[in-house]
Amino acid sequence: MKYEGNVIRYGDNVDTDVIIPARYLNTSDPKELAAHCMEDLDAGFAGRVQAGDILVAGQNFGCGSSREHAPIAIKASGVSLVIAASFARIFYRNAINIGLAIVECPEAAAAISDGDRVETDLDRGILHDLTTGAEFRTAPFPAFVQQIIENGGLTAAIAKGVIQ
Amino acid sequence: MGMTMTQKILAAHAGVRQVQAGELILASLDRVLGNDITSPVAIRAFEKLGAAKVFDTDKITMVMDHFVPNKDIKAAEQCKMCRDFCTQQQITHFYDAGRMGIEHALLPEQGLVTAGDAVIGADSHTCTYGALGAFSTGVGSTDMACGMAIGKAWFKVPSAIRINLTGRLNRFVSGKDVILHIIGKLGVDGALYRSMEFTGAGMHTLSMSDRLCIANMAIEAGAKNGIFEVDDITLTYLREHGAAEPRIYQADSDAVYEETLSIDLSAIKPTVAFPHLPENTKTFDEIGEIPVDQVVIGSCTNGRLEDLEIAAEILKGRTCAKNVRVIVIPATQQIYLDAMEKGLLRIFVESGAVVSTPTCGPCLGGYMGILAAGERAVTTTNRNFVGRMGHPESEVYLASPAVAAASAVTGRISSPEEVMNA
Ligand code: SF4
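First to last, the sequence lines map onto chains Y and D. If you read the first sequence in the working numbering, its first letter stands for residue 1, the second for the next number, and so on. If you read the second sequence in the working numbering, its first letter stands for residue 1001, the second for the next number, and so on.
Honestly, I wouldn't trust all of these hints.
[Said to hold, decoys possible] Take a look, some chain D residues computed to stay more than 10 angstroms from chain Y by CB distance:
1. 1240
2. 1284
3. 1368
[Unchecked claim] Derived DSSO-like pairs: lysine-lysine, alpha-carbon spacing no greater than 30 angstroms straight-line:
4. 1048(D) with 31(Y)
5. 1048(D) with 160(Y)
6. 160(Y) with 1156(D)
7. 31(Y) with 1080(D)
8. 1080(D) with 75(Y)
9. 1053(D) with 1080(D)
10. 1156(D) with 2(Y)
11. 1048(D) with 75(Y)
12. 1269(D) with 1316(D)
13. 75(Y) with 1074(D)
14. 1156(D) with 75(Y)
15. 1071(D) with 75(Y)
16. 1316(D) with 1282(D)
17. 1053(D) with 160(Y)
18. 1269(D) with 1185(D)
19. 31(Y) with 1074(D)
20. 31(Y) with 1071(D)
21. 2(Y) with 1048(D)
It should be emphasised that the hints constitute simulated quantities derived from the structure, not laboratory data. Source: prediction; values computed, not measured. All C-beta atoms in this analysis are idealised placements derived from N, C-alpha and C, irrespective of residue type, glycine included.
Kindly produce the complete structure, drawing on both the sequences and the hints.
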C-alpha cells in the first residue's frame, strides 16, 4: 500500500462532530458529506483539499460518535491516507471496514508539518517526509485486518466468503 | 493467565476457553442495534453483501430516535428506508415514533439485553449495557451490516482498567458526577481501546440508573466498553424488565489489569465538564459566574425517570430564570408516562420548562433546541465538542440533572445545594 501526497495537518482530539457535523447526517451521500468535511474545525478544507492529500493529526483522531459518515466524508473528499498519533477505536475500525487507509505513528504525527510532501510504503511500514527527509517506521497491520483491506473492506470480504 | 470479565464474555462468544489482550477474534452476537442515522448506511452495505436474509429477526433492533418525529424531508427518507427494510426482513424490534425511546434507555427498559450478552450497536453509546453485565460496544454501519448478515463481529480483545469504587454518594451527587470525575482524571483518551471494569463495595451501592449513566460515558474516556459486576441490583432489574436468563461472568482473581483507579464515592462533588471536551471537569469551588441561555435535561445519559425525579424535586415550586430556555426530554415513552403519572411533567411545565416527546434532538445538535452563535447551554447529555448543540461558536457544559435543574432556576451554572438551601 503506497501513497504519496501533500499534508494537511490538525491537532489532538479531532472529533467526529467537526469531521462531519450532525446537521448534515440527514444524508449518507458521500459527495454531500465531503462538501461539509471538517467544516466546524477548518471551514476552508473542502475547497482546499486535493485528491491524494494526506491528513496528519495528533492523539485520539476521530473520537466521538460511531458515524461511519466521518471516514466516508474524508475518503470522498479525496484524502488518500490519515496518519495520527492515535485513533479513537470506533473510527479506526470504521476506516478499515470502508477501506480508508489509516496509520498510527506518533513520531511521524509529531514531526510532519502542514504542507510537507509525504510518501509511504505501508506494507513495509515506512513513512518518508520528502520535504524534510525524515523517515519513520510503523508496525504493519495485523494479518486479519490486512485480509479485510486486501479484499476491499469488510462487506467484500464477507461477500467473497473469506469471513463467515 | 486470568481473564477480565470482558475477556470471559468474549471468549464464550468466540467459542474458546481462553483469550488474551490483543488477540483478534470473531465473536457471535446476541444483539445488533442501529438507529435512524446509522442504519441507512448499514442497509446499503447489507445489500452489497448479497445476504438475502438477516441472521435472526429477533436479535436485531432498529430505533428511530435521532431526528424523530422526522425533523425534515431527508430525515423522513432515512426513517422510511429503515421502516421498509424492517418490514421486508420481518425484524421484530423496530421502534418508531409513538413506541420509540432513545435507544440506550429503551433497550434495557424493554429487556432486550441481559447479563453475559455480547452486543454491538452502530452508535457509540452502545457501551451503556455494560451496566447490566453485558459486553456491549459501539461500532460503525459496516459492522452493523455484517452483524445483521452473519451474527458475528471481529474484535481485538481489550486489556482493562479496573475501577475500584468505595464509599457511597452524597445527596445531589449522581452517576453523572462519578463518570465526569473519572473522565477528568483519565482524559478523553485515557482508556483508549480498553475496558473499564467497575468493581468494589461502592459499586454495589449504585442504583441501576447511576450505573447506566456511568457505563454510557465510558466511550468519552475512549474505552471500548465499560462493565459492572452483576449483583442483586442487576438481577432484580433484569427480572423486572423481562430480560432473558442472565449468564454471570466474573473476572478471575488473577486477571491482569493495566491500571487500577480507586475512587471514594463519598468524596465526589457535583462536577461540570467545560467546553469543548468532557475531560475539562471542574467542581463548584472552581466555577465562577457562568450565565446560560439554555438547559437540557434528557438524553441516553440522563433521561431516565430517576433523572427527571431529581430535576423535579429541585424545580418544584420554583420558576426557571427569565431568558433561559429549559428543555426536558423523557428518554422513552414509558418514562414519559411514568413522569406524567408522578406529576413530574406538571412541575416542569409550571416552572416554565418545555417537555418534549422522546428524541435525541438537541443532544447532537439535530433539532429541538439548537444554540445560536455565542450561546451557552448546561446539559445532561454526554458530549460538549465544538458545534455539538448547534453553532460552532456556541458552548456546551455537561452536568448532572441536579446541576442542570439548579442552573435552570438561577440562570447560571449552579450547584443543587445553593438552590435547595436558598
Ligand atoms: S441521546 Fe445523544 S448520545 Fe444518546 S444516542 Fe442520542 S444523540 Fe447519541
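(message) Name the hints, by number, that the structure is in violation of.
(response) Nothing - there is no hint that the structure violates, so all of them hold.
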